[in-house]
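Protein chains: 2
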Amino acid sequence: MAMIYDRIAIIGIGLIGASIARAAREFGAANTIQLYDANPDVRARARELDLGEVIDDPEEAVAKAELVVLCVPVGAMAEAVTACKQGLKIGAIVTDVGSVKQAVVSALTELLPTYVYFVPGHPLAGTEHSGPDAGFASLFHNRWQILTPLPGDEREGYGAAVDQVEEFWRALGANVDRMDPERHDVVLAVVSHLPHLIAFNIVAMAEDLESVTESEVVKYSASGFRDFTRIAASDPTMWRDVFLNNREAVLEVLGRFSEDLAALQRAIRWGEGDTLYDLFDRARRMRREVIEAGQDTPAPNWGREN
Amino acid sequence: MAMIYDRIAIIGIGLIGASIARAAREFGAANTIQLYDANPDVRARARELDLGEVIDDPEEAVAKAELVVLCVPVGAMAEAVTACKQGLKIGAIVTDVGSVKQAVVSALTELLPTYVYFVPGHPLAGTEHSGPDAGFASLFHNRWQILTPLPGDEREGYGAAVDQVEEFWRALGANVDRMDPERHDVVLAVVSHLPHLIAFNIVAMAEDLESVTESEVVKYSASGFRDFTRIAASDPTMWRDVFLNNREAVLEVLGRFSEDLAALQRAIRWGEGDTLYDLFDRARRMRREVIEAGQDTPAPNWGREN
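Taken in sequence, the protein lines are chains A and B. Sequential numbering from 1 applies to the first sequence in our numbering. Sequential numbering from 1 applies to the second sequence in our numbering.
Hints listed in this document are in silico derivations from the structure and should not be mistaken for laboratory results. One or more hints might be untrue.
To be verified - Straight-line alpha carbon distances no greater than 20 Å define the calculated DMTMM-like cross-link-like pairs of lysine to aspartate or glutamate that follow: (1) LYS89(B) x GLU182(B); (2) LYS219(A) x GLU207(B); (3) LYS219(B) x GLU289(A); (4) LYS64(B) x ASP6(B); (5) LYS219(B) x ASP208(A); (6) LYS219(A) x ASP57(B); (7) LYS219(B) x ASP235(B); (8) LYS219(B) x GLU182(A); (9) LYS219(A) x ASP208(B); (10) LYS219(B) x GLU292(A); (11) LYS219(A) x ASP6(B); (12) LYS219(A) x GLU292(B); (13) LYS89(B) x ASP57(B); (14) LYS219(B) x ASP177(A); (15) LYS219(B) x ASP208(B).
Stated by the list, open to error - Listed next, the stretches of chain A that the computed footprint assigns to chain B, with coverage defined by at least 3 CB atoms under 8 Å from CB atoms of chain B: (16) 128 to 137; (17) 202 to 212; (18) 224 to 232; (19) 242 to 253; (20) 263 to 273; (21) 278 to 290.
Nothing here was measured: the structure is a model prediction, and the numbers come from that model. Cβ coordinates follow ideal geometry from the N, Cα and C atoms, glycine included.
Use the sequences and the hints to build the structure in full.
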């Protein structure tokens, strides 16, 4: 496969940044990979892990790069761009991996120079681990990468830039979809942000119950609770920024969740067995669709050893 | 290893009953295994699967058995006992696998003859699959089996019967704990019943949202949502009965969950980043404890292939 880029830069070397670096090298998407992280310890670790050319200065880190991938939490995007923007070459493509798109778009379109192309994106991939050590090359394999091209950008060359970002992600093994930023934020509030919020809530709640001790919760967690602890172990900074920056859509779907939960609570209180059965049966059908769509493994218990 | 029982009977041949049959044979816990299910199709399938001696009459199915294991949903326990009780031999031990203990204890202590020993139990093991085909011998390996011996039963021989049930489960690979029935129901409401209820609620909700289509939810489910679909695929009859029979404890912990969720909602609305961060960070610590306790795999994403 021909190299897509001669030189790319990755700003922020966490799970996602490190995975992009490994995947770009393994799947031949870039000749040279320049990396920067604001944390010197992370840069030192990235050097040890040999993730690419780790550079101590953010402007130098993006110099000459045809593609710059911003891999910092949503709330740190503006700061990252401010730190490196003087180094961006004319005609460079800038993309990001933020889990919220409208807030990133409005923060960065003001900041970025007019001589670069900005193609916002979000890979629906990750694990509960974070930091440069957590990265691996196959993270994006068969996962969705959503691009939210700017509807207002009608410059010549913008369409080609979007296509090139798409080609990059396909080289990393991802499937690519395009969506407008607002739609992205509503869909992700449902499929990702609310599930994480619910998981954080139940796990934090269980930690300081009066009726049941924390050690009992841990000991018997395999009966259901443990499933929630996995996504609740995700990076707290990243998730704080998601909720602060996708407030409207999250509050909307959270309102609906609470309304439905109140109805379920009432059905339990009044012993309405048929209502409960019908709802549980509907939920079961959704699992089959997820499996049929290739979005999860059919192995019982995800193939975990008990 | 010496056989613990010469003859056992399993009433109800779903995931749990079939797994007990397979495990008892594989790990040498019983010489003869007699099985019965009220559904003739399930009995036919159990014969094809060669799970043991499948018997068409419930009284005959328990005849001469030293241990009878009731493996039906909580709401079907009384009916199962009524159907087989005339066949129980004097001195037989009856145990069950119901996910709720107080309701089962009060339903069955009235019904069972005075010449048998009743040792209620609950294995904290399962998968999202159900039916006889879903059973496998290692299901209970390294999982907790909770016994809730009857505090009021002071007959000579009762303590020995409890010990023998414990020995049976240990032979199947389980770790065994003892607890009183009321405590069991409170603990399980937290670690199992609430997590399932939340999962059922979010999955059913996502099915009929106006803002996002079902196919979008399915397509992008790997970003968090899919984790909830697994436990929401569990048997709806079993779970209906759990909620109908552990109403008080479930409503209590559900109230607490909703209260905490409302606080989280408020923190999002008012942009309280520190509150969110602290809560997410606490949740993360719980994951580490679950892993250290050997209750889940440390592999990222449970080792799923993406």
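Results for each hint:
| no. | hint | result |
| --- | --- | --- |
| 1 | LYS89(B) x GLU182(B) | violated (29 Å) |
| 2 | LYS219(A) x GLU207(B) | violated (33 Å) |
| 3 | LYS219(B) x GLU289(A) | holds (9 Å) |
| 4 | LYS64(B) x ASP6(B) | holds (9 Å) |
| 5 | LYS219(B) x ASP208(A) | violated (36 Å) |
| 6 | LYS219(A) x ASP57(B) | violated (40 Å) |
| 7 | LYS219(B) x ASP235(B) | violated (24 Å) |
| 8 | LYS219(B) x GLU182(A) | holds (18 Å) |
| 9 | LYS219(A) x ASP208(B) | violated (36 Å) |
| 10 | LYS219(B) x GLU292(A) | holds (10 Å) |
| 11 | LYS219(A) x ASP6(B) | violated (33 Å) |
| 12 | LYS219(A) x GLU292(B) | holds (10 Å) |
| 13 | LYS89(B) x ASP57(B) | holds (15 Å) |
| 14 | LYS219(B) x ASP177(A) | holds (11 Å) |
| 15 | LYS219(B) x ASP208(B) | holds (15 Å) |
| 16 | 128 to 137 | holds (count 3) |
| 17 | 202 to 212 | holds (count 9) |
| 18 | 224 to 232 | holds (count 9) |
| 19 | 242 to 253 | holds (count 7) |
| 20 | 263 to 273 | holds (count 6) |
| 21 | 278 to 290 | holds (count 12) |
Going down the numbered hints, you'll see the structure goes against 1, 2, 5, 6, 7, 9, 11, while the others check out.
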